[in-house]
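Heads up: the sequence lines are chains W and U, in that order.
Take the first sequence: its position 52, counting from 1, is numbered 66 in the working numbering, and each next residue is one higher.
Take the second sequence: its position 55, counting from 1, is numbered 49 in the working numbering, and each next residue is one higher.
Bear in mind the hints are in silico, worked out from the structure with no lab data behind them.
Glycine residues also receive a C-beta, built at the ideal position from the N, C-alpha and C atoms.
Worth double-checking, as some hints may not be accurate.
Chain W regions said to be covered by chain U (calculated; three or more residues, Cβ under 8 Å) [claimed, not checked]:
#1 25 to 36
#2 52 to 59
#3 62 to 70
#4 91 to 98
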Amino acid sequence: EAQVTQNPRYLITVTGKKLTVTCSQNMNHEYMSWYRQDPGLGLRQIYYSMNVEVTDKGDVPEGYKVSRKEKRNFPLILESPSPNQTSLYFCASSRSGANSPLHFGNGTRLTVT
Amino acid sequence: GEDVEQSLFLSVREGDSSVINCTYTDSSSTYLYWYKQEPGAGLQLLTYIFSNMDMKQDQRLTVLLNKKDKHLSLRIADTQTGDSAIYFCAESDNAGNMLTFGGGTRLMVKP
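Go ahead and model the full structure; you've got the sequences and the hints to work with.
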């Protein structure tokens, strides 16, 4: 089954403790992206990757890092999480960029205390 | 940067038509999308329209695009309780690198 898989689904952590949210897709998509969803703000793009070893900042990249060492994986790293990063995070992938339909994961709800 | 606006909430009765509206600012957008989000799930692509089209129909869904006013709408005919969800419109940038989403419209369908 074609899918985007994120882990974990839920995560509660404390300020400053490094964490990684994993994302994997099995559709051989070139484009992958991370969004955060906050009430009333819709989805805001954090980082995106057009292909392996190519990553770019989205609208809200501060406090986040990503890597794209392999085509299928696009982990999101929070080196020193803060409470304002409490949010619902979505990973998405598409065949080629934002002009192809995006396939979304089921989300990761992160709480930073 | 690009900005996409939607109303927050819409309530309709089962069987009626729903119209969800969206305005955007980037006149060079290539594609405009409608996504649906059900509780506890990711976003699911509903339909999309290429920027040189005025209308697209797909079963119960009709998308209208007014490029002059930068206005996009999604009409759902014969709305069902299973259509209750949050609906997001989104526009791609000219380079096809980024997708900008609206804040989402929560559709509530009353029996």
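Handout entry: Unmet hints by their number, sorted upward, for this structure
Key = Going through the list in order, the structure violates hints 1, 4 and respects the others.
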